[in-house]
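Between the sequences and the hints, there should be enough to build the whole structure, so can you do that?
Number of protein chains: 2
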Amino acid sequence: MKFLHLEEQLSREEIKKLQLVRLKSAVARAKKSPFYAKKLKGIEPEDLKSIEDVKLLPFTTKEDLREHYPYGFLTVPKSEFVRLHASSGTTGSPTAILYTENDLNTWADLMARCLFMVGVRKEDVFQNMSGYGLFTGGLGIHYGAERLGCLTIPAGAGNSKRQIKLLKDFAVSVVHIIPSYALHLSTVFEGLGINPKDFNLRIFLIGAEPHTDETRRRIEEIYGVKAFNSYGLSEMNGPGVAFECEYQNGMHIWEDAFLAEIVDPVDLTTLPEGEVGELIMTTLAREGMPLIRYRTKDLTRFLPGECPCGRSHVRIDRITGRADDMIILKGVNIYPMQVEKVLMSMKEVGQNYLIELYKEGHLDQMRVKVEIKDEYFVEDMRVLKALQSKIAKNLREEILITPRVELVEHNSLPKSQGKAIRVIDLRN
Amino acid sequence: MKFLHLEEQLSREEIKKLQLVRLKSAVARAKKSPFYAKKLKGIEPEDLKSIEDVKLLPFTTKEDLREHYPYGFLTVPKSEFVRLHASSGTTGSPTAILYTENDLNTWADLMARCLFMVGVRKEDVFQNMSGYGLFTGGLGIHYGAERLGCLTIPAGAGNSKRQIKLLKDFAVSVVHIIPSYALHLSTVFEGLGINPKDFNLRIFLIGAEPHTDETRRRIEEIYGVKAFNSYGLSEMNGPGVAFECEYQNGMHIWEDAFLAEIVDPVDLTTLPEGEVGELIMTTLAREGMPLIRYRTKDLTRFLPGECPCGRSHVRIDRITGRADDMIILKGVNIYPMQVEKVLMSMKEVGQNYLIELYKEGHLDQMRVKVEIKDEYFVEDMRVLKALQSKIAKNLREEILITPRVELVEHNSLPKSQGKAIRVIDLRN
Ligand SMILES: [Zn+2]
Ligand SMILES: [Zn+2]
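So the protein sequences, as listed, match chains A and B.
Everything in the first sequence is counted per the working numbering, starting at 3 for the first residue and increasing by one.
Everything in the second sequence is counted per the working numbering, starting at 3 for the first residue and increasing by one.
Worth double-checking, as some hints may not be accurate.
Dumping the calculated BS3-like pairs for lysine-lysine here, alpha-carbon to alpha-carbon at most 25 Å [unchecked claim]:
#, chain 1, residue 1, chain 2, residue 2
1, B, 80, B, 40
2, A, 349, A, 361
3, A, 163, B, 332
4, B, 299, A, 34
5, A, 199, B, 80
6, B, 199, A, 80
7, B, 80, A, 228
8, B, 64, A, 170
9, B, 80, A, 170
10, A, 80, B, 163
11, A, 33, A, 19
12, B, 299, B, 40
13, B, 57, B, 40
14, A, 64, B, 170
15, A, 80, B, 4
16, B, 80, A, 167
17, B, 170, A, 80
18, A, 80, B, 167
19, A, 64, B, 167
20, A, 80, B, 228
21, B, 57, A, 124
22, B, 124, A, 80
23, B, 228, B, 4
24, B, 64, A, 167
25, A, 163, B, 64
26, B, 163, A, 64
27, B, 80, A, 4
28, A, 57, A, 43
29, A, 124, B, 170
Some chain B residues judged to face chain A by a derived CB distance under 10 Å, without partners named [stated by the list, open to error]:
#, residue
30, 58
31, 60
32, 61
33, 65
34, 73
35, 74
36, 86
37, 100
38, 103
39, 125
40, 140
Think of the hints as simulated: they come from the structure by calculation, not from any bench.
Since the structure is predicted, the reported quantities are computational estimates derived from the model, not experimental observations.
Yeah, the Cβ is synthetic: ideal placement off N, Cα and C, and Gly gets one too.
This is the structure in structure tokens:
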């Protein structure tokens, strides 16, 4: 069996046809919610003659979700919902996504399909190192793995020694892990004198934070696995929106469930295929809380060409950052991912780094603290100075300004057990 | 609809018949596992002529689970399992329970039945304040609530201010919470100047740690809810083993799924009905990992008489402690629950206390630190001295020795966000 679901085999033509049908019913359904009843006033499903007519529809933003929290987007009575995930934040306005039983089913199916696509099978033992609870990464992937029939270990985040014990005792073959934690965990393995390659590990599912291909290759090298990039966001259920296939050449978006567009983040016009812009998503299969043209703020592009795996679902490039993450320094736009890309491609650099923005007089400055591997952290100051200069020079080539570089010892920067904090802004 | 499942209406006769059938098949199935193949050698299902013949079967202990970790108890191939829960502990031998898809289904059904019994309905909004992950309290109750169709909020443990925000924003009616955390959370409400009675709260599910009826009444009073005691342990799936009904007069054990006995914890002989002893449990409905006569180490008794709710499933009294928890001090046996019972019945006592055991010369001593409510924590030393003496005297009446009593300010003892630590042993 090559595909888990029939939908994976649709041709581009069939996908577009299905999308139009589903977009129409998504619009009809959305209009049952207080928010869209107003927002979509005057727009009827039959106004959509082709899938390109999605442009006739207005955008939905995170601010809309906040302002109409908690029930403004619901299309059926509250009692029909069986799950709620909410953004954290005790102050400020949170956002919440509510799911009907059908929605949970659809989500679990999409997630199972992702897992199957990268080679996960019923016989696999799957350890989920994602935090459970309100964060969708835990329960989302959990339900998918159980649906596929994997022995699922709900390990949750943190507690590295216990993670390693479970990996060993149950001969775990598949792991869901945040990339920065995968790098951190490797230093715990090191400290214990254990080589993860001696374990039964086969597949890592990584994602939930932007990372570079250099980071992925490192993780694959350390653990002796294939590591697959994934994309999801709680507004679109959570994980299970897009996943790499065995070819690791971009992430297939499940276009039977989501309609994706790439637009200019400033003027919101559709960009030509291949250009980087903001990803816009419409739910095509969500019953209780459909979202129309949701602005993800994530920056990526559609990848051209066909994928050898046989799926014609469009592929997106890895997320290069969030529209919100952009650092403006001395008039130059910089994404943290650019810094990571440079650092992770250098063999001397360890598994952690930190970008600090600060003021020197009135001038904005950037300092990059870089963990150096033990074998390169020598006593000879001249060697260290040379390494420092090399890193600064490589960074300059990528980001066009020269940051201050500080070399720090392996394992000396704050460890992350959740999403890594890569940028600290000390300017205010 | 009064009952969720037909099994709840069985008469005693019918229960005993069903139990015998299921016990036979549990034995037959257990013998497929490496552990029981040996342990039950020479015993055949047909040797069991009546349910009382369960006494012919050997006991199973936590040590057995440890020694045959991780796969010694499995009756089907590992690939048939879809879930694993494990005890924590990075050192020492852990224990693990594995579940097939059928086992998860049975568990969710039992759990939904518990929730329905205390009055939870599809229309309720349910906030689960239990930690998720490897601990069964999170996912166990979660699956039951979703099965019943409640809007389920997987809030997880801790983060009290966020808990309160969710309770408010979603008009939560049902909460699963550890009793000591319920008491702690009330002090957070107090600090915020919010009265939880102004919320939509209706039902609290408490359990996961032994507590007294006095603690329950306090929780009910503070939150304006009915609070239902529950019993479960991961070796018997997790939560959903026994639950109070609307009459709050003991916890019905689901005898179609579990066979319960009470034995003398020392000589392991069956005790007459009504006597307190160790609870012994046999799984009657578990497919992948049946356990025969498992020694729970929990102390309780069967309650006599019929329950007005119409369910004839036997009721157990609240757990008075664990065989392991017993404190031996100056030759007297003391259970921490006895101390709690005394303290929580005194109006001056706040929501937290701590028992410390220490040495004075060669003598074992007990110190009880007791939080006092603000309005009783007056400046007049004579009043405080009198209160101190009163607490010591009340304790003496219950536990037969006079502990040293220390009055401390409201909110000054370490807070618990998980199971409370009530006893600290400083003797070694
Ligand atoms: Zn592909
Ligand atoms: Zn009853």
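Verification of the hints:
1. 80(B) - 40(B): With a Cα-Cα distance of about 20 Å, the restraint between residue 80(B) and residue 40(B) holds, given a limit of 25 Å.
2. 349(A) - 361(A): The hint is violated at about 31 Å.
3. 163(A) - 332(B): violated (40 Å)
4. 299(B) - 34(A): violated (55 Å)
5. 199(A) - 80(B): holds (22 Å)
6. 199(B) - 80(A): holds (22 Å)
7. 80(B) - 228(A): With a Cα-Cα distance of about 23 Å, the restraint between residue 80(B) and residue 228(A) holds, given a limit of 25 Å.
8. 64(B) - 170(A): holds (22 Å)
9. 80(B) - 170(A): holds (15 Å)
10. 80(A) - 163(B): holds (24 Å)
11. 33(A) - 19(A): Given that 25 Å is the threshold and the Cα spacing comes to 22 Å, the pair holds.
12. 299(B) - 40(B): holds (24 Å)
13. 57(B) - 40(B): At roughly 18 Å apart (the allowed maximum being 25 Å), residue 40(B) and residue 57(B) satisfy the hint.
14. 64(A) - 170(B): The hint holds at about 22 Å.
15. 80(A) - 4(B): holds (24 Å)
16. 80(B) - 167(A): holds (18 Å)
17. 170(B) - 80(A): holds (15 Å)
18. 80(A) - 167(B): holds (18 Å)
19. 64(A) - 167(B): holds (19 Å)
20. 80(A) - 228(B): holds (23 Å)
21. 57(B) - 124(A): violated (39 Å)
22. 124(B) - 80(A): holds (10 Å)
23. 228(B) - 4(B): holds (18 Å)
24. 64(B) - 167(A): With a Cα-Cα distance of about 19 Å, the restraint between residue 64(B) and residue 167(A) holds, given a limit of 25 Å.
25. 163(A) - 64(B): Answer holds: residue 163(A) to residue 64(B) is near 23 Å, not above 25 Å.
26. 163(B) - 64(A): holds (23 Å)
27. 80(B) - 4(A): Since the Cα atoms of residue 80(B) and residue 4(A) sit roughly 24 Å apart, the hinted pair holds (cutoff 25 Å).
28. 57(A) - 43(A): Roughly 15 Å separates the two Cα atoms, so the pair holds.
29. 124(A) - 170(B): Violated, at roughly 41 Å.
30. 58: violated (34 Å)
31. 60: Nearest chain A Cβ about 26 Å off; hint violated.
32. 61: This hint is violated: residue 61(B) lies away from chain A, its Cβ roughly 25 Å from the closest one there, beyond 10 Å.
33. 65: At about 18 Å, which exceeds the 10 Å cut-off, the nearest Cβ of chain A leaves the hint on residue 65(B) violated.
34. 73: holds (9 Å)
35. 74: violated (13 Å)
36. 86: holds (5 Å)
37. 100: Since the shortest Cβ distance to chain A is 7 Å, the answer is holds.
38. 103: For residue 103(B), the interface hint holds, since the closest Cβ of chain A sits about 7 Å away, which is under 10 Å.
39. 125: holds (4 Å)
40. 140: Given a least distance of 7 Å, the restraint on residue 140(B) holds.
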